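Trainee: The residues making up each chain are set out below.
2 protein chains.
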Amino acid sequence: MNLQPLKGFRDFYPEQMSFRNWLFKQMSQTAKLFGYQQYEGPTLEPVDLYVAKSDEELVDKQTFILKDKNDKSLAMRPELTPTLARMVANKQNGLVFPLRWFAIGPRWRYEQPQKGRFREFWQWDVDLIGEESLQADAEVIALGCNLLKKIGLSPKEVTVKINNRRFLQEKLTEIKISPDKVKSIFKVIDRKDKLEAKDWEKYLQEVVGDEKQEKEIIALLENKKFGDFPELVELFNLLKELGVEEYVEFDPLIVRGLDYYTGTVFEARDKDGEFRTIFGGGRYDNLLSLFGGQKITGVGFAAGDAILEEVLKKFDKLPKLKNNNEVLVTIFSSEFLEKSLKTAELLRNNKINTAIYPNKDAKLEKQLKYADKKDLRFVVIVGPDEVKNETIIIKDLSTGSQRTISLKEIDNFFLS
Amino acid sequence: MNLQPLKGFRDFYPEQMSFRNWLFKQMSQTAKLFGYQQYEGPTLEPVDLYVAKSDEELVDKQTFILKDKNDKSLAMRPELTPTLARMVANKQNGLVFPLRWFAIGPRWRYEQPQKGRFREFWQWDVDLIGEESLQADAEVIALGCNLLKKIGLSPKEVTVKINNRRFLQEKLTEIKISPDKVKSIFKVIDRKDKLEAKDWEKYLQEVVGDEKQEKEIIALLENKKFGDFPELVELFNLLKELGVEEYVEFDPLIVRGLDYYTGTVFEARDKDGEFRTIFGGGRYDNLLSLFGGQKITGVGFAAGDAILEEVLKKFDKLPKLKNNNEVLVTIFSSEFLEKSLKTAELLRNNKINTAIYPNKDAKLEKQLKYADKKDLRFVVIVGPDEVKNETIIIKDLSTGSQRTISLKEIDNFFLS
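Line order of the protein sequences matches chains C and A. Residue 249 in our numbering sits at position 9 of the first sequence, with consecutive numbering throughout. Residue 628 in our numbering sits at position 388 of the second sequence, with consecutive numbering throughout.
Worth double-checking, as some hints may not be accurate.
You can't tell identical chains apart in this list, so a pair holds if it fits in one copy or across any two.
Said to hold, decoys possible - Quick list of in silico lysine-lysine cross-link-like pairs, DSSO-like style, CA-CA up to 30 angstroms:
1. Lys272 with Lys606
2. Lys427 with Lys309
3. Lys553 with Lys265
4. Lys628 with Lys603
5. Lys272 with Lys390
6. Lys432 with Lys560
7. Lys562 with Lys613
8. Lys480 with Lys635
9. Lys421 with Lys396
10. Lys648 with Lys480
11. Lys312 with Lys355
12. Lys331 with Lys265
13. Lys265 with Lys613
14. Lys553 with Lys511
15. Lys389 with Lys553
16. Lys389 with Lys579
17. Lys560 with Lys272
Keep in mind that the hints were calculated from the coordinates and are not lab data. All values derive from a computational prediction rather than experimental measurement.
If we strip away everything but chain C, and leave its shape as in the complex, we get (with noise of 0.2 angstroms):
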């Protein structure tokens, strides 16, 4: 039998699994920190759920899909938003607005397995719905930014590129592009560092078939600079009132691939380019009427686990995380059990997370043969002078010393 997990799918032994906890843990902190509350949704959706407003190739290819035993198809989520929407939709009447929401979960896409890409993967969602101000977007990109700071990535390593598809589409109109070719160009804008530039030169060529216009475009695209477009002078007004200034820059390239966002657009990357979005998002006027309801507004970004993972390992910034955190009781011998269970018994009423060999019989060298194998700073031995003088010992394996201690010491002698 294959001992592997699936292509695509992680294992998490505890030295990864404290990682993801420590990452999961940021966000968490992050988003409170805002005021943001945690809902989460099924797994699973119908399938016509993400038809509705999903990229088409995600839902084409890169969905994982199911049948129930009414035939009917289901999807395993490749994005919560579309369950935003939905849950937001269901309950219009109860929720008090704005709301600022926010998700940590799994989600699934069959796409090939690269660095930092993975079939399954766990993403953070970001959202406040039901507010139109630039002073939303300029707080959800702020957020975004603080949890960069707080894992210890800097202005150096990565930033925030910034954009505004209104801006855009009025700087298309200018140079006379049609209405009904924007949302193509935008596509185009979209795939620009995603191919190669003759390819990508060919596909704009395609897109708009006037070289006139097409050398206005990569001129456009060119210039750092959004000149008096107000929503942008609001938002970096207020992204530097906000303390997040030197993360964020203005980039015309940015545009983002789904087709429900309509204002201002943004994608963090590392300085480099060398990885995929670290997260990605921006404003969304429609997505909640699709569900029939009145029109609500919001903004939100996704971030995945895998690319933060990778972006940290690159700048040499993942935690040093201390797995085994615990106290091992040994058991000086068979006869001495019943002391070592309520020595670990008093350690855990004092909070001090307290193991305890679990085989009376296995000689006090193994125990602590195993309490070094598994990397634990503080062993406890309780031996007949223990008993009789009503103390334990306490051996520091990081420095070999120990300490005998009176029972009434232990929640001191721990926290010190």
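Following the hints, complete the assembly by docking chain A onto the known chain C.
Mentor: Structure of chain A alone, referenced to chain C:
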């Protein structure tokens, strides 16, 4: 478009999510208190993995199955133990035994939804692997009891029923049941509280086919004493030393459905027997050898989130969780936006969860009403006087009182 989640699946709005997060935290803290480390496996595995060891009914009828692009059958995991066995077998030589591992994650079973039973649910798995002592069995049971205690369920409300398959086997041998019938009789015993009395007796007759033996089996199941059977004597002594005596009782009816249990078996139930198993498990001595590795013994259990919620509800022990614990910084008027943004930043730098009203043009009255509807306790106001004096007003919505404090005192105020 249907706005409800799929049948048997749940939407977790922030209110439901905060209960779930609370429950998972109790599980995680309890496991860590005993020195257990968290792990996680993939949610999809080849169907073969379950065929190798799971209950037939579980795989054939209750598993969500899909096909990959090579027409291979994949299962959305109905349980985690097969994955655990695969993961341990895969790294057998790199792991330091005994392992103390726990996991909290989603499982899927295509069952008829009812109270406390969903098609998508979360399970807490706790396992001690690589140690065959009864001390290990006792520890795992005590850990489960510690969760019950931690979440407020007393021995008057819940109990852990314990048995031993070798004990049952010995008793069946004493009444001359042939060894090849033992497994079928275990199944009969496991169905005792799931069938009507008459149907169960008929089932027993079919399997045993001897009136005298049937009576002896019924007598055996009614005898709530285990006599001097050494494993049970030692186990109950250990449970006493571990301080969980009041939570445990012997019950010859406990046998567990899965084939792979070999010794100790146990189930936590509400005292009235209203609900299915709160947590259930036992010792499995041969599970890992299915993967062709050396023999590794283990003991463990799993607990579902939905039953725990129902049991807490029944005994009125659901925690009172405050869902909105952040401060709202209001915007006095649009020209004060910058001051409010800076105040919010200052609060966040002091680790106070802080939302700011996301629209500078909203009237103060509207903002206060929003805070009230959101059930927030503290609102911060920064008006012209406050800017001049470098102070802020903190309004306590729970009492209606307000205080003006200096910006330098912010951290002290919220900590007190």
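Trainee: Cα distance capped at 30 angstroms. Does Lys389 pair with Lys579 within a copy, between copies, both, or neither?
Mentor: Between copies, since 23 angstroms is at most 30 angstroms while 48 angstroms is not.
Trainee: Between copies, within a copy, both or neither: which fits Lys427 and Lys309 at Cα up to 30 angstroms?
Mentor: between (38 angstroms within a copy, 28 angstroms between copies)
Trainee: Can you tell me if Lys432 and Lys560 fall within 30 angstroms by alpha carbon in one copy, between copies, both or neither?
Mentor: Neither way: Lys432 and Lys560 sit 37 angstroms apart in one copy and 52 angstroms across, limit 30 angstroms.
Trainee: State whether the alpha carbon distance between Lys628 and Lys603 is at most 30 angstroms within one copy, between copies, both, or neither.
Mentor: Cα proximity of Lys628 and Lys603: one copy only (21 angstroms, versus 72 angstroms across).
Trainee: When no copy is named, should Lys272 and Lys606 be tagged within, between, both, or neither for a Cα gap of at most 30 angstroms?
Mentor: between (45 angstroms within a copy, 23 angstroms between copies)
Trainee: At 30 angstroms max between alpha carbons, let me know whether Lys480 reaches Lys635 within a copy, between copies, both or neither.
Mentor: For Lys480 and Lys635, only the inter-copy Cα distance (28 angstroms) is at most 30 angstroms; the intra-copy one is 52 angstroms.
Trainee: For the identical chains here, do Lys421 and Lys396 meet the 30 angstroms Cα criterion within one copy, between copies, both, or neither?
Mentor: Neither. Shortest intra-copy (37 angstroms) and inter-copy (71 angstroms) distances fail the 30 angstroms Cα cut-off.
Trainee: With identical chains treated as interchangeable, where does the CA-CA distance between Lys389 and Lys553 reach 30 angstroms or less: within a copy, between copies, both, or neither?
Mentor: For Lys389 and Lys553, the Cα distance is within 30 angstroms only inside one copy (15 angstroms; across copies 41 angstroms).
Trainee: Should Lys312 paired with Lys355 be assigned to within, between, both, or neither, using CA atoms and 30 angstroms as the limit?
Mentor: between (34 angstroms within a copy, 25 angstroms between copies)
Trainee: Between Lys265 and Lys613, at a C-alpha cutoff of 30 angstroms, which is it: within one copy, between copies, both, or neither?
Mentor: Both. Shortest intra-copy (28 angstroms) and inter-copy (28 angstroms) distances satisfy the 30 angstroms Cα cut-off.
Trainee: As a check of your reading, is Lys553 near Lys265 (CA-CA no more than 30 angstroms) within one copy, between copies, both or neither?
Mentor: both (18 angstroms within a copy, 29 angstroms between copies)
Trainee: Check Lys272 against Lys390 for me: Cα-Cα at most 30 angstroms, and say if that holds within a copy, between copies, both or neither.
Mentor: Classified as both; 13 angstroms inside a copy, 25 angstroms across copies.
The structure fails to meet hints 6, 9 from the earlier list, while all remaining hints are met.
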